Every structure is written in C-alpha cells, then in structure tokens.
Amino acid sequence: MEHDERFGHARSVTLPGPLALDGGQALAPVTIAYETYGTLNADASNAILICHALTGDQHVASVHPVTGKPGWWIRMVGEGKPIDPARHFIVCANVLGSCVGSSGPAMAAADGNPYAMRFPVITIRDMVRAQAMLLDHLGVRELTAVGGSMGGMQVLEWAATYPDRVKSAVIIASAARHSAQNIAFHEVGRQAIMADPKWRGGDYYQSNDAPADGLAVARMAAHITYLSEDGLTEKFGRRLQARDAKGFGFDADFQVESYLRHQGLSFVDRFDANSYLYITRAMDYFDLAEEHGGLLANAFRASATRFCLVSFDTDWLYPTRESRAIVQALNAAGAAASFVELSSPYGHDAFLLEAPELNRVVDGFLRAGGL
Amino acid sequence: MNDQALLGLRPDLRIIADHVAPGARALDIGCGDGALMAALRDHARVDARGIEIDAANVASAVARGLSVVQGDADIDLAGYPSNAFDYAILSQTLQTTRAPDKVLDELLRIGRKAFVSFPNFAYWRMRMALLWGGRMPVTKALAESWYATPNIHHLTIDDFRALLKERGIVTEGAWFLNGDKLTSAWAANFRAEHAVFLIRR
Numbered sequence: 001m002e003h004d005e006r007f008g009h010a011r012s013v014t015l016p017g018p019l020a021l022d023g024g025q026a027l028a029p030v031t032i033a034y035e036t037y038g039t040l041n042a043d044a045s046n047a048i049l050i051c052h053a054l055t056g057d058q059h060v061a062s063v064h065p066v067t068g069k070p071g072w073w074i075r076m077v078g079e080g081k082p083i084d085p086a087r088h089f090i091v092c093a094n095v096l097g098s099c100v101g102s103s104g105p106a107m108a109a110a111d112g113n114p115y116a117m118r119f120p121v122i123t124i125r126d127m128v129r130a131q132a133m134l135l136d137h138l139g140v141r142e143l144t145a146v147g148g149s150m151g152g153m154q155v156l157e158w159a160a161t162y163p164d165r166v167k168s169a170v171i172i173a174s175a176a177r178h179s180a181q182n183i184a185f186h187e188v189g190r191q192a193i194m195a196d197p198k199w200r201g202g203d204y205y206q207s208n209d210a211p212a213d214g215l216a217v218a219r220m221a222a223h224i225t226y227l228s229e230d231g232l233t234e235k236f237g238r239r240l241q242a243r244d245a246k247g248f249g250f251d252a253d254f255q256v257e258s259y260l261r262h263q264g265l266s267f268v269d270r271f272d273a274n275s276y277l278y279i280t281r282a283m284d285y286f287d288l289a290e291e292h293g294g295l296l297a298n299a300f301r302a303s304a305t306r307f308c309l310v311s312f313d314t315d316w317l318y319p320t321r322e323s324r325a326i327v328q329a330l331n332a333a334g335a336a337a338s339f340v341e342l343s344s345p346y347g348h349d350a351f352l353l354e355a356p357e358l359n360r361v362v363d364g365f366l367r368a369g370g371l
Numbered sequence: 372m373n374d375q376a377l378l379g380l381r382p383d384l385r386i387i388a389d390h391v392a393p394g395a396r397a398l399d400i401g402c403g404d405g406a407l408m409a410a411l412r413d414h415a416r417v418d419a420r421g422i423e424i425d426a427a428n429v430a431s432a433v434a435r436g437l438s439v440v441q442g443d444a445d446i447d448l449a450g451y452p453s454n455a456f457d458y459a460i461l462s463q464t465l466q467t468t469r470a471p472d473k474v475l476d477e478l479l480r481i482g483r484k485a486f487v488s489f490p491n492f493a494y495w496r497m498r499m500a501l502l503w504g505g506r507m508p509v510t511k512a513l514a515e516s517w518y519a520t521p522n523i524h525h526l527t528i529d530d531f532r533a534l535l536k537e538r539g540i541v542t543e544g545a546w547f548l549n550g551d552k553l554t555s556a557w558a559a560n561f562r563a564e565h566a567v568f569l570i571r572r
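Line order of the protein sequences matches chains F and L.
Per the numbering used here, the first sequence starts with residue 1, numbered consecutively.
Per the numbering used here, the second sequence starts with residue 372, numbered consecutively.
I should point out that these hints are in silico values taken from the structure, not numbers from a laboratory.
All values derive from a computational prediction rather than experimental measurement.
Certain hints may be false.
Pair ranges (Cβ atoms, derived) [to be verified]:
id	chain 1	residue 1	chain 2	residue 2	range
1	F	E290	L	P452	20 to 26 angstroms
2	L	P521	F	R238	38 to 44 angstroms
3	L	E537	F	N298	34 to 40 angstroms
Beta carbons are placed, not taken as given, at the ideal position from N, Cα and C, and that holds for glycine.
Here chain F stands alone, though its shape is the one from the complex (with noise of 0.2 angstroms):
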C-alpha cells in the first residue's frame, strides 16, 4: 500500500462515470480531488469519510496550497486526535461543484472551455454519489461519515442513501433542510455575486479577471451568519478601527467593518463565484424528507447506522431545534441516536474551533462504534 497512487495528500482521479444527477443531466467523466490520511486495514474496516463544508475542501489535516494555513480540522484530526491517522484511514474529497480540483463550473468542459454555467445544477445528494464512487475506487466499502454544517447534511444523505455502507455518522451544526432564512441568506450572495459586472454571466475565467467584489459581498454577508451576535460584540463592539474619532465617511470607521472586509477580500483568492452558486444552490434544494415522502423518518427507516448529533447553542444558522428534528425522526424510526447541544459563545463556526467537549463526545462515540 505505501507505493499505492490512490492514496496520500493532494490526490485527484478522475472517473469515468456517468454520474445520473438529480437535476436529470448525466457528468461524464467526473473529477475527485482528495486527500487520505493514514492506511486502510486488512478488513477495510476503519475508513471514515469527513464531508466539508460550503467553502471547505479537501485539506482537512493539511497545509492549503493557497492560504499555506494549516488543515481546516486539525483540532479534530491528527496524531491524538479523536479521528487519528494512526488508527483510521481518513478520506476528504473535495465536493461536485467545487474549486478545489474536483469537477466544477472553473473546470474544462468537452469542448476545452470551462464549463462555467454550463455546469449542472448539482444537488448534496450528487455530491454523495461522487463521493460513493471515489470510495468504491479506493476499496472502501462501510465507513463511518463525520462533518459539520454542509458536511453534516452530507453524512444524512450519506446514511440515507447508502444505509449499508455507513456504520456510524456524525452530524455536527446541522439541518436536514435548508429553511427560508438559510435560502434567504444565500439569495443575498448569490445576487451579489450576479451583479457584479465582471460576473458576465458567468463567462470570466478567460478574462482573467473574475467578479471578486460580488464574490467578496456574499462571504461577507454569509460570514456573519457564521458568527453569534455575542462573539461579535465581544470581539469587536463598537470599537473603532485605527482611529481616535468617527471618520464621518464611509470607509471602515469601525472593526467589524474593517474584519468583514479583510474576511471578502481573502476569500475571492481562493474561491470561485461560480462555485459559490452551485454550491449554495445544492444547499437550498436540501430537505431530507422531501426526497422520502415528506416525512424525514422514512430517510431512516430500518437503519443500521449509529447517529450522533451535536449542535451549538449559540449556532443560528442552524440551530439546535434542527438538530432535534432529527433527532426525534431518528427515534421515531428506531434508529440509535445521540444528541447533545453544546455551549459556545462562538456561533455555528464552534464545530471549526477549540471545543474540547466536542472532542470527547465524538471520541467516544467513534471508539464506540469499534473505531
């Protein structure tokens, strides 16, 4: 296994597919880029598959390419960890629609142009598909699913679609629909993004100049959904940006303003706007139940799997009755569900920052589960 090219950091295969998507088109082929961390047993019995966020990717544990900032879960993955390269054969792929290596709008269509808005409209559940045939090619056939925010619903389509192949799963600041507000936020990204004139419809990538400033107004506006208004206050009140007075103009007189900023600015040199649709829109058409006769229990109906759910109690992105919904759709299918709201003063970003009781329930949860 230690010359074995499928595995390591930085990896990408692309597959022939096709890829039936939701929307009803078909990807062929279909490009993964992923990273393993650690080697898979003899049994093939303890991969465990971490699902990333809107603008995560597949860098979890290791240095990204662009920012050079460390992985983006490495308080929950690594040496002593509770999902530990030395134990598990970790798997993080970079989702459908992304920007990150795998098959999105920035990539060449069949023509040599990249796809742009010719991509199509994907769904979470594409995106568990692809990940299902990038696990079939590096032999992994049951596997415990972890991750957080759009990597959770990941793990309830994971578990919903696949419920022989997913033993355990962990869903962290979760939901298993997006609700008005969720969609409404997102809308406010999306136009931003539209309007921006160097947007053109989506055709940029040749221009070399890409809509940088709708791209930058939607993380902005999404980055404070991410956050509580108490972490906010604390971190920054109403204190005034590197200056003794109001400027009484309309630069960042203020250090929320000044933050926002560096935080749109930072982002659009590792982003894609287009992405930023495809992805979001995957993430409004969500709604479990919907896919299982309206009623989320049927998503769960004779599962195996073992479930535990953990939110914030300051997350309002999505909040903890989202988990609780399904929670009690667990328990009304008989399904083994733990659950436990966690106390953060950091808002839905607690799951990404030092939580050490996050850390204890996931650890023995996993271990748990043979893990």
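Guided by the hints, dock chain L onto chain F, whose structure is given.
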C-alpha cells in the same frame, strides 16, 4: 446480572438492573451519565437508549459509547413511537417533572412495562422532621433546601399506589429501600425511604 456489574450502582438502579430481561430494549429517562445503561448493555446485552437533560451528563454518556439524547421528560417523550421499548425506566425523576401523571402515561405508551423509582416523602424521618422541626425536611436522600430542590412534585408510596389504581395501571413488582438495604412491603409508606415499582397497562 452478576454482582460485579452492579457494584457501584445506586441501590434503586441495582434493583432495576436485576429485573430487566437480558436482550431487552430499554429507554432510560433521566439517565444521568449512563451508569445504569452501561451496566445493562455490558452485562445483560440490553439495547439501551437514554434521555438526559444535562449537557455534561449527555457528553459523558455518549463518550462511554451510549446512545443518549439531550432532552426533557416533560417535552421530548412525545417524539417516541408507541411500544418502541420493552421497558421505560424513570429513576428518581418522576418528582422533578412538571406533569408526573402525563409522564407516567407516556412511559406506558412507549414501553410495554415501566420501572419507576422515587423518594418516599412519607418516610418516617420526613414526617418527624416536619412534625417536630416544622421545616421542609432535608435528608441524605433529599439533600437540598426547599428553594433549591429540583423535586417539585413530592409524593409518597401511597400517593403513587393511589394514582396507579385510579389509572388502572397494574403493579408487577414493588421494592422498598431503607438506605441501600431492601426492606419489606409491610408499612412501607412509613418505613421505606425509596420505592421502585415495575408497572404495566
């Protein structure tokens, strides 16, 4: 269940653990850190699920590999389907609920049978404390002052029996505790500090 497994369990939980059929499905409501569930799982192959209101307790229970959901007995039992469990277990929790009679109904809807354990407010030491001291009793079993106690619906063994009779609920077993020792049913309402009932519809 072997004695080793029961060591360290609270006396009322020990009685419950002793009388749950091996391999059964049980829902432990107010399961704390999961001590009873772990004993049932490890030594009687019981498929145990739990509900617990305190987040730190839930985290501890999940960390020991148990399926525990954070929730409130007064609210969250409604989400469970009928007859989903062989046993519903409510230990030392009935007197803390807002609507104990409704919780009792829910227990017997969700479980074919239910274990209910509670502190007996008519225990003679309680009576003495109230009679001679004229103050709300604070004992080893009920250790908190009136303003701090989570026990908002105190009851006696005879109160519980009366409620069962009124609702046509059948008693399959009853155990009475004095400290951590079993005591006879004779004058239990006076002599027993704790009671454990096994009931069914």
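Verdict for L:E537, F:N298 (Cβ pair) under range 34 to 40 angstroms: holds, 39 angstroms
The hint says 38 to 44 angstroms between L:P521 and F:R238; measuring C-beta to C-beta, is that right? For L:P521 and F:R238 the Cβ distance comes to about 41 angstroms; the hint holds.
So the hint says 20 to 26 angstroms: do the beta-carbon atoms of F:E290 and L:P452 match that? holds, 22 angstroms
Hint violations for this structure: none, all hints satisfied.
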